[in-house]
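Student: Listed below, chain by chain, are the residues.
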Amino acid sequence: MAGPGDLEPTHFPARRAATVALHRLNVAHGSPFRVFGLQQVHKASVEDVAAAGRKYSLDLSVTDWAAGSAGPALRCSAEVLFSRTEQSSGPEVQLRCEALQKINSTAEDHAFYQKYLAPASAVSAQHLPDSYGNMSEEMQPFWRLARVAASFIMLRESSENTEFNMAQVASITQQESSDKQLMLDYVVLLHDLPSQEIIQWKLLVSWSPDRGVRVLQTEWQPRCPHATEPPN
Amino acid sequence: MRLYLAVFVLLAAVHCEELFNGDQVLRIHAESENHVQILKKLDRDVNSGLDFWTHGFSTERPVDIRVPHSSLHAVKDFLKVNNIPFTVMISDVQELLVREREEMVHNEEEERRTKSFNFAAYHDLETIYNFMDTLVASHSNLISKVNIGSTYENRPMYVLKFSTGGVKRPAVWIDAGIHAREWVSHATAVWLADRIATDFKENRAPVPNILSQMDIYLMIVANPDGYVFTHRSPNEFYRLWRKNRSATSNPKCHGVDLNRNWDAEFGGPGASDDPCAEDYRGPSAQSEIEVKNLADFITEHGNFKSFMTLHSYKQLLMYPYGYSGTDAPDRTELHDVASQASKALNSWHGTVYKVGSIFHIIEPASGASVDWAYQRGIKYSFAFELRDTGEYGFLLPADQIVSTARETWYALRYIMQYVCDHPY
Numbered sequence: 001m002a003g004p005g006d007l008e009p010t011h012f013p014a015r016r017a018a019t020v021a022l023h024r025l026n027v028a029h030g031s032p033f034r035v036f037g038l039q040q041v042h043k044a045s046v047e048d049v050a051a052a053g054r055k056y057s058l059d060l061s062v063t064d065w066a067a068g069s070a071g072p073a074l075r076c077s078a079e080v081l082f083s084r085t086e087q088s089s090g091p092e093v094q095l096r097c098e099a100l101q102k103i104n105s106t107a108e109d110h111a112f113y114q115k116y117l118a119p120a121s122a123v124s125a126q127h128l129p130d131s132y133g134n135m136s137e138e139m140q141p142f143w144r145l146a147r148v149a150a151s152f153i154m155l156r157e158s159s160e161n162t163e164f165n166m167a168q169v170a171s172i173t174q175q176e177s178s179d180k181q182l183m184l185d186y187v188v189l190l191h192d193l194p195s196q197e198i199i200q201w202k203l204l205v206s207w208s209p210d211r212g213v214r215v216l217q218t219e220w221q222p223r224c225p226h227a228t229e230p231p232n
Numbered sequence: 001m002r003l004y005l006a007v008f009v010l011l012a013a014v015h016c017e018e019l020f021n022g023d024q025v026l027r028i029h030a031e032s033e034n035h036v037q038i039l040k041k042l043d044r045d046v047n048s049g050l051d052f053w054t055h056g057f058s059t060e061r062p063v064d065i066r067v068p069h070s071s072l073h074a075v076k077d078f079l080k081v082n083n084i085p086f087t088v089m090i091s092d093v094q095e096l097l098v099r100e101r102e103e104m105v106h107n108e109e110e111e112r113r114t115k116s117f118n119f120a121a122y123h124d125l126e127t128i129y130n131f132m133d134t135l136v137a138s139h140s141n142l143i144s145k146v147n148i149g150s151t152y153e154n155r156p157m158y159v160l161k162f163s164t165g166g167v168k169r170p171a172v173w174i175d176a177g178i179h180a181r182e183w184v185s186h187a188t189a190v191w192l193a194d195r196i197a198t199d200f201k202e203n204r205a206p207v208p209n210i211l212s213q214m215d216i217y218l219m220i221v222a223n224p225d226g227y228v229f230t231h232r233s234p235n236e237f238y239r240l241w242r243k244n245r246s247a248t249s250n251p252k253c254h255g256v257d258l259n260r261n262w263d264a265e266f267g268g269p270g271a272s273d274d275p276c277a278e279d280y281r282g283p284s285a286q287s288e289i290e291v292k293n294l295a296d297f298i299t300e301h302g303n304f305k306s307f308m309t310l311h312s313y314k315q316l317l318m319y320p321y322g323y324s325g326t327d328a329p330d331r332t333e334l335h336d337v338a339s340q341a342s343k344a345l346n347s348w349h350g351t352v353y354k355v356g357s358i359f360h361i362i363e364p365a366s367g368a369s370v371d372w373a374y375q376r377g378i379k380y381s382f383a384f385e386l387r388d389t390g391e392y393g394f395l396l397p398a399d400q401i402v403s404t405a406r407e408t409w410y411a412l413r414y415i416m417q418y419v420c421d422h423p424y
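Read top to bottom, the protein sequences are chains A and B.
Reading the first sequence from the start, the letters are residues 1 to 232 in the numbering used here.
Reading the second sequence from the start, the letters are residues 1 to 424 in the numbering used here.
Calculated directly from the structure, the hints in this document are not laboratory data.
Heads up, some of the hints might be wrong.
So, partial list: chain B residues that the calculated Cβ filter (under 7 Å) puts toward chain A [what the hints assert, rightly or not]:
1) Y122
2) L240
3) E278
4) K354
5) G356
6) E391
7) P397
Built from N, CA and C at the ideal position, the CB exists for glycine as well.
The task is simple: from the sequences and hints, build the whole structure.
Tutor: Quick look at the structure:
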């Protein structure tokens, strides 16, 4: 029976909240070999929470992009709270997904880690994927790491009026490994659907199979000479 | 008997090196039973060397005869003496054959070029414009190229017209590339052009039936200046450009969002008045020459029954309105059509599209082309957001182009058939 707070699952308010839940999911469980995307929202509702803000309740399915079209869909439920007050940390998300174990690093993760931890390793690349959608297989784990790191920013910057995605990795420059972490300097391009804007962020990211992805530094970057502050 | 059939027979002979230099084809008009008997006798005379192209003699229909050069005088004298009127239909058969053969070879070459065109790749504007010319040349009985005006930077805007005749038949409009960075939309439209042409040529349903009643107008690149800009450099400032390239009131920022510039609730929600914004609506409705050219063309035609625009990404099939959440009067029917079309699309590769109005599914958007078309009485107006849902977004790998195009075709085909079956 439809309640007063019920939302149409295919409409944008439910989808925007679900997108925020996905950012949270990727921050917690993303890796060089696992990035989650929204498959569909099954049910959604929203309620005002006194002074705190607006809370969305969602029932959704997600898939692992790294598993391709063969991957199974995971069922999740989430609460996304958009705060009424200005917060620097972004919306709060509670998330439960069936059959999902906490950072479970795989053999692939370890092989990747060992290969690039070596002191001589100095990976650097631009435009992932390129204008034609091409990306070498070797660079895909780096792209996924960027996507996970971007999820930190996208989560932090999200509101009910945004719907972020990562459009491209503009550049990646590997820094010297520190404390047994891969250190990666990224410039990522985000795409916001409502405004259609492309937003550029510089991120310093560390990763290891044990500690997962950490975003150590973030810096908004102007795209064009005229821009002096972040849009909106 | 169609002239071409006869010519084909001769062409076969030409291959065997039989020549027809100076031979003529005479068209005989038998005016009496006497004339008919004379012609019958001539036909039965195997030594006459005359090659009758029509059989069955009467005073009702003319008879065509190929007369070898050596017999021309004798035959013409014979006809004159018997008062049988005739005209010279082909004054030199060999010369005609040579010309026809050259044209066929040329058409085969053009077809080879379209067949060898790589649909599984993204092409620049010049290549796409050359493709259009090649396609028109090898399907000149069906397709013509219409120049609807120039862009801000003075590039021609072309639409391909698919028509089997008639005068301003009810028509379907399909455009792609109004947003420059959405490359899979242009690539899909290129494939669609070829597919429609091929389905017609090979008599594959429902295309011949649709084209017997309606015309199809397909604009592959609705924003040529923007598209050229996206090819200028791999730098994202170029590749991810959305708007056109007109100068604005801010010298540091160029371009207007062509899908916010239409005269449909212009200045409403979901569009910016900041020239530096990606969804800058422009100084006034239809201020952009590209939008003016499109709107004027469609308005002057006056008989479009469907308007469809291709974008990317997000996998959505939407109908009006964009400017408001109110249901359009035809909402129920449009939702049904869109739902069925998305099922047809899904049947190719399992790709899932969501269906709804622009306002509800994507976001409020005023000055949008689909709203404009609908408000002008073009009931079956739809907007597609093609693959994918975000993994690659605007940078969709080229190896997904053909699959995307084919599933889109299944949806478009459904809609066009529906429009055909529901005249209004």
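Student: Indicate, hint by hint, whether the structure satisfies it.
Tutor: So, going through the hints one by one against the coordinates:
1. Restraint check, Y122 of chain B versus chain A: the minimum CB separation of about 6 Å is within 7 Å; hint holds.
2. The interface hint given for L240 of chain B holds, since its Cβ lies 5 Å from the closest Cβ of chain A, which is under the 7 Å cut-off.
3. The interface hint given for E278 of chain B is met, as the beta carbon of that residue sits about 4 Å from the closest beta carbon of chain A, less than 7 Å.
4. The interface hint given for K354 of chain B holds, since its Cβ lies 5 Å from the closest Cβ of chain A, which is under the 7 Å cut-off.
5. Look at G356 of chain B: its Cβ gets to within about 6 Å of chain A, closer than 7 Å, so that hint holds up.
6. Given the 7 Å rule on beta carbons, the hint for E391 of chain B holds: about 5 Å separates it from the nearest Cβ of chain A.
7. For P397 of chain B, the interface hint holds, the least distance from its beta-carbon to any beta-carbon of chain A being 3 Å, beneath 7 Å.
The earlier numbered hints are all upheld by this structure, with none contradicted.
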